[in-house]
Structures are given as structure tokens and as C-alpha cells.
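Asks: Respectively, the protein sequence lines represent chains U and D. With the first letter of the first sequence counted as 1, position 361 gets the number 361 in the numbering used here; the numbers rise by one all the way through. With the first letter of the second sequence counted as 1, position 158 gets the number 158 in the numbering used here; the numbers rise by one all the way through.
By construction, these hints were calculated from the structure, which means they are not laboratory data. All values derive from a computational prediction rather than experimental measurement. Do not rely on the hints blindly, as some may be mistaken.
For identical chains, the list gives no copy identity; a pair is met inside one copy or between any two copies.
[What the hints assert, rightly or not] Computed list of lysine-lysine pairs in DSS-like fashion (alpha-carbon distance at most 27 Å, straight line):
| no. | residue 1 | residue 2 |
| --- | --- | --- |
| 1 | Lys135 | Lys288 |
| 2 | Lys135 | Lys104 |
| 3 | Lys484 | Lys564 |
| 4 | Lys267 | Lys288 |
| 5 | Lys267 | Lys566 |
| 6 | Lys429 | Lys291 |
| 7 | Lys167 | Lys104 |
| 8 | Lys429 | Lys167 |
| 9 | Lys167 | Lys262 |
| 10 | Lys104 | Lys291 |
| 11 | Lys117 | Lys564 |
| 12 | Lys117 | Lys291 |
| 13 | Lys496 | Lys262 |
| 14 | Lys429 | Lys135 |
| 15 | Lys484 | Lys337 |
| 16 | Lys496 | Lys429 |
| 17 | Lys484 | Lys291 |
| 18 | Lys566 | Lys262 |
| 19 | Lys429 | Lys566 |
| 20 | Lys167 | Lys566 |
| 21 | Lys484 | Lys429 |
Number of protein chains: 2
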Amino acid sequence: MLLLKHCKSLTRVGPLKTLRHLRVAPPTSLGAVHLWRSNSEEQRSQRVHNPSWKHGLAGLLAGAGAVLAYGLYHSKAEQAATITVQTVGKESHLPIFTQEEVSKHRSMEDGVWVTYKGSVYDITQFVAMHPGGDKILLAAGGALEPFWALYAVHSQDHVLDILSEYKVGELSAEDQQRQQAVEPSDPYSSDPDRHPVLRINSLKPFNAETPPELLSDNYITPSAIFFKRNHLPVPHVDPALYRLHVDGLPGGILTLSLDDLKTQFPKHTITVTLQCAGNRRSEMNEVKQVKGLNWGIAAISNATWAGARLRDVLLAAGYRPDMAQWAHHVQFEGLDKDVTGTTYGASIPLNKAVSEEGDVLLAYEMNGEDLPADHGYPVRVIVPGTVGARNVKWLGKIIVSADESSSHWQQNDYKGFSPGTDWDTVDFKSAPAIQELPVQSAITQPTGGSTVDRSSEEVTVKGYAWSGGGREVVRVDVSLDGGKTWQVAQLRSSDKEQTPTPSPPPGQAWAWKLWELTAPIPAEAQELEIVCKAVDNSYNTQPDSVAPIWNLRGVLSNAWHRVKVKVREDE
Amino acid sequence: MLLLKHCKSLTRVGPLKTLRHLRVAPPTSLGAVHLWRSNSEEQRSQRVHNPSWKHGLAGLLAGAGAVLAYGLYHSKAEQAATITVQTVGKESHLPIFTQEEVSKHRSMEDGVWVTYKGSVYDITQFVAMHPGGDKILLAAGGALEPFWALYAVHSQDHVLDILSEYKVGELSAEDQQRQQAVEPSDPYSSDPDRHPVLRINSLKPFNAETPPELLSDNYITPSAIFFKRNHLPVPHVDPALYRLHVDGLPGGILTLSLDDLKTQFPKHTITVTLQCAGNRRSEMNEVKQVKGLNWGIAAISNATWAGARLRDVLLAAGYRPDMAQWAHHVQFEGLDKDVTGTTYGASIPLNKAVSEEGDVLLAYEMNGEDLPADHGYPVRVIVPGTVGARNVKWLGKIIVSADESSSHWQQNDYKGFSPGTDWDTVDFKSAPAIQELPVQSAITQPTGGSTVDRSSEEVTVKGYAWSGGGREVVRVDVSLDGGKTWQVAQLRSSDKEQTPTPSPPPGQAWAWKLWELTAPIPAEAQELEIVCKAVDNSYNTQPDSVAPIWNLRGVLSNAWHRVKVKVREDE
Numbered sequence: 001m002l003l004l005k006h007c008k009s010l011t012r013v014g015p016l017k018t019l020r021h022l023r024v025a026p027p028t029s030l031g032a033v034h035l036w037r038s039n040s041e042e043q044r045s046q047r048v049h050n051p052s053w054k055h056g057l058a059g060l061l062a063g064a065g066a067v068l069a070y071g072l073y074h075s076k077a078e079q080a081a082t083i084t085v086q087t088v089g090k091e092s093h094l095p096i097f098t099q100e101e102v103s104k105h106r107s108m109e110d111g112v113w114v115t116y117k118g119s120v121y122d123i124t125q126f127v128a129m130h131p132g133g134d135k136i137l138l139a140a141g142g143a144l145e146p147f148w149a150l151y152a153v154h155s156q157d158h159v160l161d162i163l164s165e166y167k168v169g170e171l172s173a174e175d176q177q178r179q180q181a182v183e184p185s186d187p188y189s190s191d192p193d194r195h196p197v198l199r200i201n202s203l204k205p206f207n208a209e210t211p212p213e214l215l216s217d218n219y220i221t222p223s224a225i226f227f228k229r230n231h232l233p234v235p236h237v238d239p240a241l242y243r244l245h246v247d248g249l250p251g252g253i254l255t256l257s258l259d260d261l262k263t264q265f266p267k268h269t270i271t272v273t274l275q276c277a278g279n280r281r282s283e284m285n286e287v288k289q290v291k292g293l294n295w296g297i298a299a300i301s302n303a304t305w306a307g308a309r310l311r312d313v314l315l316a317a318g319y320r321p322d323m324a325q326w327a328h329h330v331q332f333e334g335l336d337k338d339v340t341g342t343t344y345g346a347s348i349p350l351n352k353a354v355s356e357e358g359d360v361l362l363a364y365e366m367n368g369e370d371l372p373a374d375h376g377y378p379v380r381v382i383v384p385g386t387v388g389a390r391n392v393k394w395l396g397k398i399i400v401s402a403d404e405s406s407s408h409w410q411q412n413d414y415k416g417f418s419p420g421t422d423w424d425t426v427d428f429k430s431a432p433a434i435q436e437l438p439v440q441s442a443i444t445q446p447t448g449g450s451t452v453d454r455s456s457e458e459v460t461v462k463g464y465a466w467s468g469g470g471r472e473v474v475r476v477d478v479s480l481d482g483g484k485t486w487q488v489a490q491l492r493s494s495d496k497e498q499t500p501t502p503s504p505p506p507g508q509a510w511a512w513k514l515w516e517l518t519a520p521i522p523a524e525a526q527e528l529e530i531v532c533k534a535v536d537n538s539y540n541t542q543p544d545s546v547a548p549i550w551n552l553r554g555v556l557s558n559a560w561h562r563v564k565v566k567v568r569e570d571e
Numbered sequence: 001m002l003l004l005k006h007c008k009s010l011t012r013v014g015p016l017k018t019l020r021h022l023r024v025a026p027p028t029s030l031g032a033v034h035l036w037r038s039n040s041e042e043q044r045s046q047r048v049h050n051p052s053w054k055h056g057l058a059g060l061l062a063g064a065g066a067v068l069a070y071g072l073y074h075s076k077a078e079q080a081a082t083i084t085v086q087t088v089g090k091e092s093h094l095p096i097f098t099q100e101e102v103s104k105h106r107s108m109e110d111g112v113w114v115t116y117k118g119s120v121y122d123i124t125q126f127v128a129m130h131p132g133g134d135k136i137l138l139a140a141g142g143a144l145e146p147f148w149a150l151y152a153v154h155s156q157d158h159v160l161d162i163l164s165e166y167k168v169g170e171l172s173a174e175d176q177q178r179q180q181a182v183e184p185s186d187p188y189s190s191d192p193d194r195h196p197v198l199r200i201n202s203l204k205p206f207n208a209e210t211p212p213e214l215l216s217d218n219y220i221t222p223s224a225i226f227f228k229r230n231h232l233p234v235p236h237v238d239p240a241l242y243r244l245h246v247d248g249l250p251g252g253i254l255t256l257s258l259d260d261l262k263t264q265f266p267k268h269t270i271t272v273t274l275q276c277a278g279n280r281r282s283e284m285n286e287v288k289q290v291k292g293l294n295w296g297i298a299a300i301s302n303a304t305w306a307g308a309r310l311r312d313v314l315l316a317a318g319y320r321p322d323m324a325q326w327a328h329h330v331q332f333e334g335l336d337k338d339v340t341g342t343t344y345g346a347s348i349p350l351n352k353a354v355s356e357e358g359d360v361l362l363a364y365e366m367n368g369e370d371l372p373a374d375h376g377y378p379v380r381v382i383v384p385g386t387v388g389a390r391n392v393k394w395l396g397k398i399i400v401s402a403d404e405s406s407s408h409w410q411q412n413d414y415k416g417f418s419p420g421t422d423w424d425t426v427d428f429k430s431a432p433a434i435q436e437l438p439v440q441s442a443i444t445q446p447t448g449g450s451t452v453d454r455s456s457e458e459v460t461v462k463g464y465a466w467s468g469g470g471r472e473v474v475r476v477d478v479s480l481d482g483g484k485t486w487q488v489a490q491l492r493s494s495d496k497e498q499t500p501t502p503s504p505p506p507g508q509a510w511a512w513k514l515w516e517l518t519a520p521i522p523a524e525a526q527e528l529e530i531v532c533k534a535v536d537n538s539y540n541t542q543p544d545s546v547a548p549i550w551n552l553r554g555v556l557s558n559a560w561h562r563v564k565v566k567v568r569e570d571e
């Protein structure tokens, strides 16, 4: 316990370097070392308090390796009770390479070599299997560390396991020292402070969700507790220097300052729910492990956004309807960058971008104030009815194009597949990029595992419901008996004390509905299996169960939401 | 068998009058009489060949009553094996009323009385329960026959059962004779001939579906076998005299001839799948009886339609975008009428009607020829992506309005409800009229109950998939084991020998996809439970099971389609 806790805090505040010095010691022949993350205090105490030199080093090494994963993925603590670190021993007689030699292996033809913590790996065979696609080649011939510092998703035990299989040697001691000297500073060190109530799924990049009970307490989610989903470090943008470039149209590039955006275009205000494609991924993980952040039910929030309409900006930049013959997409580039300078990027269909009813905004306000740093200050795109990933933050560039964004997130991520498709068979080109999301709902209260008193006679169930594409949720059915019988919940489109929002025009229902049902606790029931399902105005409904919509990336998790609560009988 | 078959044909060709004469004989005191529809030939023979006078009359009476239902609902032959006809006996001492007395009961205040086949019924208490709503009051104070001649849905055993509960007396012999003298001619007598391969669900009005195997044989469904869904008799329209009136706009009524429509507006051609809201209703009936035609999986077809764009016609009639402030709907009135002169009617949202991408047509061609009589000759509305019921045939009038159509079919039919809502609790105002339909797919081959040979090693599964609102079907998953494992089917958008249709712009995928999967027959399996489910480009998917989407009208039946086939082992 001490070791883990201690290392976890080390990871965050810096003294990890101390551990690194240990780590770059020449390979020993300890053999595979195991670190148990069981709850047995005894096992851990033995390891901490009675270390042989070998065990002590091994423990620290393993701890340091594992701890990144632990720090960033602590919600997965129930998984993988035993961590095998194989990098220390089995390759003790492997050759030593210089950085110069490693650098020669930067292509599939020459082989793809990388270094990590003083070891050299030939990952040529792994390139095709990399979940992140060709991006892995960016690291070819060099160190993995700066990339993994950006994409902390790599700091998982199974990633280290995979890597260890490809080890071919050690980096020369000299080059190891050189690497440390240029080791990148933490790119996340200037990320903003966040509200402590947020439930963190990943620190770097920062990803966190709202506690569910707070979600349904507020029709408009306060910005501080609006779910955060960053792909990269938060860029710091000086509003005076901010420029937005609009490219791809015959008239050349239009460049706008923040002031231009605010003064030259009408300000348009809309309430829009954003949802991450991975919302409720944890339920897919329960069926079978998927790749991605382990979101609960609260990677969704609702805010009021204000800004210029993208349509107006595109028209000002020279867009004309006849251009729809060749232009089919509008691409967005963020100002958030990885180590190679690649920015976050995504695109939406042109007809959504230019339609009067599409309501796509270049937003500079969230809930009546400047956008917070985590939400794209000073300008982000708001694409109502569309998956969060296309609502590009810290917007730097807009490109009208015949093609979709070529970004990793558009091409090789955020797509849905059949439950029969896994990483060995997936063809990312075979599925369309997620744009509009399907109908969704979840129960925010009561929470799973809680108790209701028989004496209260009634139970109140609360939740949210939303659908993509501007489709309005028209009904939420709630069951207390696992889906056998159903009652209709009350819907609302505002906070309780406020005047209900009038119904939006068809196809422009961008905001969620909160819902509530108070119903008698069924006689005899010792446990309630509470279930909800929503219906939108295209009468699409949620699928009954998770397994048949399981997909390797764990996106689009919108099966009926189920929560079990115990009924406590009167004393 | 003889009796049933014979009576069935009688119903269609006319000699039912002979039976009516028997039926208007003064009430006897036979008591309740039972007609068995079991498969026991013996029972029926006894009844037919050894009649006492009493049994003979009773048998004929019951047969005539039951046979209407049998003729029109023969697919329900497995239900209601025993039919109780209670109209003959128990009320033998009920009073006799004149038509004049009956006519005084035409309102809820004075009571609502009707006559049917010589008996008088006080249905005041039933009015609120009438599935067709207030329409029942049209018959108040008079005979039901002319209404039931139009709405043959009443000719079901349980309708007669319900009616019998409200019997209060007999109509005087004189008035019965008078009624027969003015008995309406069959309003369906001039309906067109139909293709004999169609599977008939109702003769009057005519409703029939395509045999499923023919459905997936043709990407474009031939007009003759395109499913037919009429609400009223087919009107006969002289194309030279045809006039279309466009009303509700400030400039007054625009009246167009068929020639105007063809020559004054560009001709626009699109391929559009139409689906009845009740497609696959029979699967809901298996969960719990619903009201409506017992459609199988083929109340859906795909055709190429050509005509003027509604948008162009509305602009010619004076529509301007600023009118969207008050105008929210476009209503359509058909030229098909009931006995009271009420026309079929429906409406769609204005934004669908006027949008360039909405592709709403005033179609005068189907598959390259004039519209067939059953499909709306000379002009019908085609509302792509929208439920069949809004695609008004034999179009007489278009009205731009602040309000939806006030028609029965818009207000009190074609809406979806929770499975917990039944006729005693339903509030039709609480649900939106169905417009866009949810994602759908079904298996057309093999058919349920068929057999595949183990020696063939593989099984080929075929079907269709479609989604409303222009959402393109992007994937169909097929399972051979009841949904445990899934394979991805091949999709196609044209007939096999033809060039594939290019992908439509986003939001304009109006036509279905046909799909096919050839897969090995699983070892050991003695039976395959074949299942399909489609996913559209909003990643909406079909719900797993029927019961949780059951609704009292049996609409929107889009759960996974399941077909069981036996595997015949090699000899």
C-alpha cells in the first residue's frame, strides 16, 4: 500500500527522476519480477520492509512502471491483480546498440526500432497491430517516452507486456544519459486547475466526468463540472494574438481575430448537449475488455453556448452553394498539438456546416462567460447533435474540403463496428466516422448498490435522455422489474423552478431532457432492477442489452441503463 | 371446411344477401351458439350434414358473421378457435324500436344508438373506448353497415362480441326492410385488379404485401407487387379534369392541372423506400393482441418516383422563408373519401416540405410509368424517409398551415406509445405523429420453418435494411445462433447485375439496402435461429426484442428479426 501510494504521488509531482536513475542501471538477471496489487497488506509489507537488494530494486522498477498506469487508470484497480514485468531479466545477454544504430530503423523496409527506458525494441511486426495506427511510425528510430508522455493510454501493464516481446537489445549507457538530458518537460504541467468533484478517468490528457447525481441536478451543467475530454495538453492562447484561419475556398484564406469573430458576425446562442462517443464505455468493458477511457454514465453534459455561426463565417470567406459539388466536408484543426506538431483534428459534413438549421457555432462563450481553458478558450466549434469529438476546441483552422479530416481521430478512431469485429480483423475504412449519435438515456438516481426503504413506499428515479441529429426525446420508459413492465417518466427541458423551454423546431432539439418518475415500491420486491430507455421523435429506441452492440473501441454504448437497488424492509 | 370456404367466397362475390334475409328473421331463443373452427373435419361435417333446423340457421348466421373476419383476416386462423355468437338468443325479449326512435340518440347527452343487421345497440359507454376515436359518432342514430363497409377492420369476431354487449333491442321489421332497400352499393366495387401473388391482409380497403422472397429479388420493387396500403376505396380520377389546389398562403389558392405540374416544374426523379408504420405488426400480435392489419415483414417496398418538387410548387404558390414564423406544417388531402365525404389526410413538418434536401415530391410517375391506380394516380406525395401514411395518394389539396392535419390518421392513429399504455389509458395527444421511421431490417430468405441441408455446408441469408430520415444503413449484423455471435452482411444498393448506386449525400439516403450473407452452417447445430439487425449512419440500431416496444396500435415494430430453420443432417 505504501509503495503504491507513494509512487503514485511521485509520478505526479516529479521525483520520478530518482527512480529513473535506478531504472537505467544495466540490465540485471533478476528474471521476471512480480508485483502483487492484491489487498493483502502482508504481502506488500514483506516486499517493502524486507527487501533484499534485488527485490528492492525490482520492486521499485516494477512500481515505477506500474504506477503510471495506476495513477492514470486507478479506476481499473480491480483488474489485473498480478503484474508481470518482464523487461528486467530474460534479455540479459542481448546486444547493446547506439542511438545512431537505432536511428537507422525508421521504416517498414529498414525495420522499425524504438527505445524505451534504456532498452531497444524492434516493433516492425507490431506496426500493423497498433491500435493507434500508423502514428506509431512517428517514434521510429527514437524514444517512446515523449509520445507516451502525451498519450498516457500507453501506460498500462498490457502495453509494457506487449513491448517486452519485441526487445532486441539495450541502448548504450552514453545514449541513455543523453536521452535523459533532453527528456521533455511534462507537457501537461500548465493544464488548468479543475474542480475537485470531477471523477478523473485520465490525468494526462485530462479526462473526467461529472458525478451522476450532479448531472441531473442541473438542467444547464455548470462549466466547472461539465465533463472534460481532452486528447492533448491544454494549449495556452493569448486572446490578443489569436487568429482563426478559414481555408479551402477559392477566395484564399480568411483570417479572423477573436474580436473580428465577436463583432463582425451576429452572436447566436443555443443550448447544446455534448456527449463523448465513449460515454458508458465501462458497461462494454463488463462484457469484454475494450480500448479507451473507462467512462461511466456521465461523459455527457449540457451548456448554453454563444458565438458566430459557422455558416456565416463560411459565407464571409467566400463559400457559395454551388461549391457543394466538390466540397463535402469542413475540417477543423485545434491548437492542441502532440510532440510532432500534429494538431487535434476532425471534420463534419459540409451540409451540416452550411445549413441554416444545422446551428453549428464557432463558440466563444459557455454559460454566459468566456470559454474555460478546458473547453477550448478562446474559440471552439459546437456541432449540435454530433459526437463530442467533432466539437474541436482551441480552434485554429477551418478547411473546406472534398475530403474528411485525415486525422487519426477521424480515420482510425470514433467509428462503430460489429461485435464480431476485433483488433485482428478491423478495417477502419469499412465504417463511417461517427457524426450524429444514437438515442441515449441513463439513470442518475438512485445509484447502483444503494438502498431504498420499504417504509418510504415510493421510489424516485431520475436521469437524462438525449438523441443525436437534433431528434427530440419524446418519451422515457422506466421499469422497476428489469424490463418486464414499464411506466412513462416525466420529462423536463429546464430547471424545475424555471419556465419550461418551448419545444424546438423539428430536427433542432440539441439539448437533453431530464426525467423523473416517482412510483410505488413493488410489494414483495427485495431488490429493484431499475431500467430506463428513451425514444426520440424518429421513434428510434435504445437496444435492450450491451453485448450485441459491443465494439472494440467501446463507443456508442447506449443499451438500456440498468441499476440494481436493495429494498430495506421495515424493522 | 366446406362451410367456411364457401362462405368466404360468398362474402366476396355477393350472395351474402341471401344470408341477410335469414338473419333478419325475428329473434329466436336458440341461446348462444358456437361455431368451432377447429381442424376436426368430423365436427364440421356433423354441423353441415346433420342440421336440425335450429342448428342450421345458427350455423349459417354464425358462419356469415364469422366469415367476413375470416375472409379479411385469414392469417389469424390460429387464433380464437371458438367463436361465440351471442346475438341470437339471450335478448329474445328485448323491445322493438323504430328508426325514428333510434335517430333521437345521436349524442353523448341523448345516448349514442346504432343499428346493425336488424338489432339496436346503445353504445354510449363504448364511445370513449373506440379505437377509431370520435369517428364512431358519425354513425350515431343510424346504421353501422355503410361505415363498416368502408372500414372492414370491424368485421372481426371480437368486434361483434363487443357490440353484442350493448344490444338494447330490435329494429322494427318495417325499418329493417327500408334499410335493406337503401343499402349502399359496395364502395370498393371499382377498385382495380391486383396481382395475384400479393398476400392480402384486407380486401376492403385493399391492403396487401409482397411475398418476402420477391422483395429481396428486386432492388426496385415492380409496381404490381409493391405493397398496397389503402385506407378507403380507390378514387377514379379523370386526368383531364384533375386539379391540385395549394392553399394557406397569402397569395390565395393556386390551382394546377396535371399538365401544369408536368410542364411548369422541373421533373425530379428519386428512388425512395416506403414502409407502412404497421410493417411487422404480426410480431407484436404474438406478444399481445394489437389493433390493426396483421402485416408480416413485407409492408415495405422500394420504387423510383418522378414528379415536381413540393418545394418548387410551394414557392410558385407564394411561399417565402419568412412564413416559417407562423407556418409549421404542410397538410395533404387525398381524393379518397369515406361515406361522410371526409377525405384521407395527413401532414408533414414545413421544414421537411420546403427544404432543398428534403426531396419531397408531387409524384406522377412510379418506376417510369404513370402512377398505378393503387398508388395514387394521377398524383401522390412522396415524403422520403417518412412513414408511408404521410405519402398521401390521389392528392387533391395542399394546405400550408400553423397546425398539423386534423385527420384521424394524424391525430389518433400512427403514433407510438409505451408498452405500459393500453386503450384504457392512452392519450393520443401525448405522443407525436410518426414522421421519420426508426432503423429497420428483416430476413427475407430463408423463411421461418424451412430446412437447410447439412450437406450444402453453407447457408445464404438475405434481407432488406432501411432507416428513416435519410439515414443510410451502414451495416447489417447477422447471427445464426440467436444473437450470441455476429457476422457482417454484404450490402448492395442496386440489382446484382447493375452498377452500384453511388452513396447519397448525408441525410438523403432514401432507399433501402438489400443484404446477403453466406456462412458455414455451424457444426452440431440442429436448428439455426437466424437474426438480423441493422445500424444506420447515426449509429442507431434495432432493439433486441419485441415486448419492450410493444404498443397498442402495433406500429414501429423494428426489433431484431428472427427466423428459425432446421438443419437436415445427411442421410
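Asks: Evaluate each hint against the coordinates.
Replies: Hints and how they fare:
| no. | hint | in the structure |
| --- | --- | --- |
| 1 | Lys135 to Lys288 | within (25 Å within a copy, 54 Å between copies) |
| 2 | Lys135 to Lys104 | within (18 Å within a copy, 84 Å between copies) |
| 3 | Lys484 to Lys564 | both (15 Å within a copy, 24 Å between copies) |
| 4 | Lys267 to Lys288 | neither (46 Å within a copy, 53 Å between copies) |
| 5 | Lys267 to Lys566 | neither (50 Å within a copy, 64 Å between copies) |
| 6 | Lys429 to Lys291 | within (18 Å within a copy, 45 Å between copies) |
| 7 | Lys167 to Lys104 | within (17 Å within a copy, 97 Å between copies) |
| 8 | Lys429 to Lys167 | neither (31 Å within a copy, 68 Å between copies) |
| 9 | Lys167 to Lys262 | neither (55 Å within a copy, 74 Å between copies) |
| 10 | Lys104 to Lys291 | neither (31 Å within a copy, 74 Å between copies) |
| 11 | Lys117 to Lys564 | neither (45 Å within a copy, 57 Å between copies) |
| 12 | Lys117 to Lys291 | within (24 Å within a copy, 70 Å between copies) |
| 13 | Lys496 to Lys262 | neither (33 Å within a copy, 54 Å between copies) |
| 14 | Lys429 to Lys135 | within (16 Å within a copy, 54 Å between copies) |
| 15 | Lys484 to Lys337 | neither (50 Å within a copy, 42 Å between copies) |
| 16 | Lys496 to Lys429 | between (46 Å within a copy, 23 Å between copies) |
| 17 | Lys484 to Lys291 | between (33 Å within a copy, 21 Å between copies) |
| 18 | Lys566 to Lys262 | neither (53 Å within a copy, 68 Å between copies) |
| 19 | Lys429 to Lys566 | neither (46 Å within a copy, 37 Å between copies) |
| 20 | Lys167 to Lys566 | neither (50 Å within a copy, 52 Å between copies) |
| 21 | Lys484 to Lys429 | between (40 Å within a copy, 26 Å between copies) |
Consistency with the previously given hints fails for numbers 4, 5, 8, 9, 10, 11, 13, 15, 18, 19 and 20, ordered from lowest to highest.
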